[in-house]
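Trainee: Protein chains in written order, with this note's numbering: chain A, 1 to 367; chain B, 1001 to 1130; chain C, 2001 to 2189.
Quick caveat, the hints were computed from the structure, so don't treat them as lab data. Any given hint could be a false lead.
Label pairs and their calculated CB-CB ranges [claimed, not checked]:
{"id": "1", "chain 1": "C", "residue 1": "Asn2113", "chain 2": "A", "residue 2": "Gln171", "range": "54 to 64 Å"}
{"id": "2", "chain 1": "A", "residue 1": "Asp185", "chain 2": "C", "residue 2": "His2088", "range": "51 to 61 Å"}
{"id": "3", "chain 1": "A", "residue 1": "Pro163", "chain 2": "C", "residue 2": "Met2081", "range": "49 to 59 Å"}
{"id": "4", "chain 1": "B", "residue 1": "Phe1113", "chain 2": "C", "residue 2": "Ala2169", "range": "35 to 45 Å"}
{"id": "5", "chain 1": "C", "residue 1": "Val2162", "chain 2": "B", "residue 2": "Glu1035", "range": "41 to 51 Å"}
{"id": "6", "chain 1": "C", "residue 1": "Asn2113", "chain 2": "B", "residue 2": "Asp1064", "range": "29 to 39 Å"}
Using 25 Å as the maximum straight-line C-alpha spacing, the simulated SDA-like pairs for lysine to any residue come out as follows [claimed, not checked]:
{"id": "7", "chain 1": "A", "residue 1": "Lys172", "chain 2": "B", "residue 2": "Ile1016"}
{"id": "8", "chain 1": "A", "residue 1": "Lys34", "chain 2": "C", "residue 2": "Ile2089"}
{"id": "9", "chain 1": "A", "residue 1": "Lys48", "chain 2": "C", "residue 2": "Ile2089"}
{"id": "10", "chain 1": "B", "residue 1": "Lys1108", "chain 2": "A", "residue 2": "Gly165"}
{"id": "11", "chain 1": "C", "residue 1": "Lys2017", "chain 2": "A", "residue 2": "Glu83"}
Every residue gets a Cβ at the ideal spot worked out from N, C-alpha and C, and that includes glycine.
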Amino acid sequence: MENKHITIFHGPQHPGITGNMSVELDLIGETIQKATTHVGYLHRGFEKLIERRTVIQAFTIVCRICVPEPDPNEANFAMAVEELTGLEVSPRAQYIRVMVLELSRLAAQFLWMAGQSGSVGLYAVGQWAIADRDLILDLFEELTGARVYHMYIYPGGVRRDLPEGFLQKVQKLLIYMKKRLLDYDDIFINNASFKNRAIGVGVVNKDEAIQNAYVGQVLRGCGIKADVRKDAPYLVYNELDFEVPTQEAGDVYARALVRRAEMDQSVHILEQVIAKMPEGEIMNKLPTHRKFKLPRDDTWVKVESARGEFAYYMAGDGSENIRRMQVRGPSLVHGFTLLEKLLVGQELSDVALIMNSLGICPPEIER
Amino acid sequence: MKWSVDIKGVISPLKILNAFWQKPNTIAYPAVKKETAKGYRGFHTNLLADCIGCANCQDVCMNDAIDMIKVDTEYNAKNSSQCIPRIDYGRCCWCALCTDVCPPNSLKLDEEFVGVSKYASDFLYMPKDK
Amino acid sequence: MFDAIKNQFATDDILIKRADLYKVNVTRQRVFELITFIGNNYNYKTLNAITCTDWIEEGHFALTYIISTLDRKSTIMVQTMINREEAHIDSLSKEFIQAEIFERDLAEMYGINFIGNDNLKELSLENWIHTPPLRREFDTLEFVNNNLTFREGREDNLDVKVEMKRIRAEKKAAKEAAKKLEEEVKDGK
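Chain A extracted, bound-state conformation (with noise of 0.2 Å):
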């Protein structure tokens, strides 16, 4: 009997977290044939917003961007502003904001991992990395006033100085975490149900990996030691002591190896914070906003996030408004290139884990 030949969407709704975009698929039976994908249902005009806004104004709004990670999109901004107009920032400021960085770094990877057992159908370890996102998030309430939505690194410094007793908190959450994290290594990593699953699957080829623009994960699942801390270092991640690591095979298992490995290292980076933060100024004085004009010149700032490489384009134009920011994330294309080309002659079942390994989230597709 030969198999029907049918197109269907794999639609906005998925099992595991991965956002609001679809796939349509060319199916014979069960193996996919041809993917196209479809983004559309997260767009808001970012880019057209911010021509009729101050630079204050504008950095208000630059968090929503990216759902899941609105930090490195706050440090990218206020880069590129500082870039362009001159501005220093102190030393005590730029640990607070690598601080911010690797909290929120150690946030996305926990949703990371709620969406990646999702997929797989181990829904525990969901719930589990939720519950343990949520004390970083109670951190940042503390510190900055609101949970997910900072609006915190603020061009020229950091908005608001570090309450009493903040260290201390974050000292017995790290503690915590270390322990926690071998638990998620025997309920998840080392699980062999997630195993037969993930090895084998969603294999990248390392030959074009890197002039085809892929970033983050991708990269170091094919063993490339790539990483926007080291090859071109910002703020004062090159006074900090720490690795990248990298596994050979490629595919999901691997990707999913490499994004446990960082979250040890990002507990690493924050003890060395929290052990070097000096004291001194959190925030340079500002002209007023009517009065804080960009000059005429455009950059190119960039920054790691924790699913790759995400860059801005900023120019400015003699006036107190910004005339262009386009802001290019990590998915853009791991969404459309990458993701068409691994789902050719794959299973159904297995598109939603290639969708979680590869990091892909469409609010930052389509701004």
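Position chains B and C against the provided structure of chain A, taking the given hints into account.
Mentor: Relative to chain A, chains B and C alone:
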């Protein structure tokens, strides 16, 4: 996918049964409430004895959420326009820029965050006077 | 490397922005020659992004190709100007496979025609028939005021500067009236 013999991979996930003996992460809301951190960006409060009606908050708000209106209360003698701010919570994003630029520091953000109503007109919020 | 570019492409417009970021400005006809030149000789082989800035006052778009080396340590921005009214340029999707999605995004938002890219379908918008949105002649405030209705309840908004002037004028008029009354009383006495 091929099935291979993996004793450790089958036995070690059973550790999750330990969760039966641990304290749960959830709390019995609304009987038990969680304490909101100090400095949380909740609803607005405006001390009318200090507000000078300069409309800096209306100027910096990037969603055009603030209206300056006249109401029937006691104003500060220094209030040169006799208007006070009212905020449209359908547009506000709680960025706290309005509190940063307030010259006499009368507009602040409280820790309260629950506001439920059947009517959309209740979302035009007049900050509490404290 | 800058001397080679200056000699071969007759351009002096090369900036060093940071230790790892350079910017070169060339004409539209020689953009692909330059990209192939730095790709073959100096290892700039990864196309990171294509962006576009609208300079409506000067009548052109500034299209920028951002390319970095294979060891990710150096980036170069190749900028060229294209006409705003009939915006078209050759597509790079044969040499760089990721250029297809970048060009699709710009074609939808600015209305630029990339000749050779046959996948310029709509990406984020759906059934959009007005001006391409990121062009500066598309005024979002005017569009919203014409096509959407706002909720009632905010009509009592007052302009603070007008109020301040009015109150000062009232106070001044009240003072003058009081002074006049006093003088009349004095005269009357």
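Trainee: Each hint should be assessed against the structure and marked as holding or not.
Mentor: Hint-by-hint comparison with the structure:
| no. | hint | verdict |
| --- | --- | --- |
| 1 | Asn2113(C) with Gln171(A): 54 to 64 Å | holds (58 Å) |
| 2 | Asp185(A) with His2088(C): 51 to 61 Å | holds (55 Å) |
| 3 | Pro163(A) with Met2081(C): 49 to 59 Å | holds (51 Å) |
| 4 | Phe1113(B) with Ala2169(C): 35 to 45 Å | holds (43 Å) |
| 5 | Val2162(C) with Glu1035(B): 41 to 51 Å | holds (45 Å) |
| 6 | Asn2113(C) with Asp1064(B): 29 to 39 Å | holds (36 Å) |
| 7 | Lys172(A) with Ile1016(B) | holds (23 Å) |
| 8 | Lys34(A) with Ile2089(C) | violated (30 Å) |
| 9 | Lys48(A) with Ile2089(C) | holds (23 Å) |
| 10 | Lys1108(B) with Gly165(A) | holds (24 Å) |
| 11 | Lys2017(C) with Glu83(A) | holds (10 Å) |
Against the hints set out earlier in the document, a violation occurs for number 8 only.
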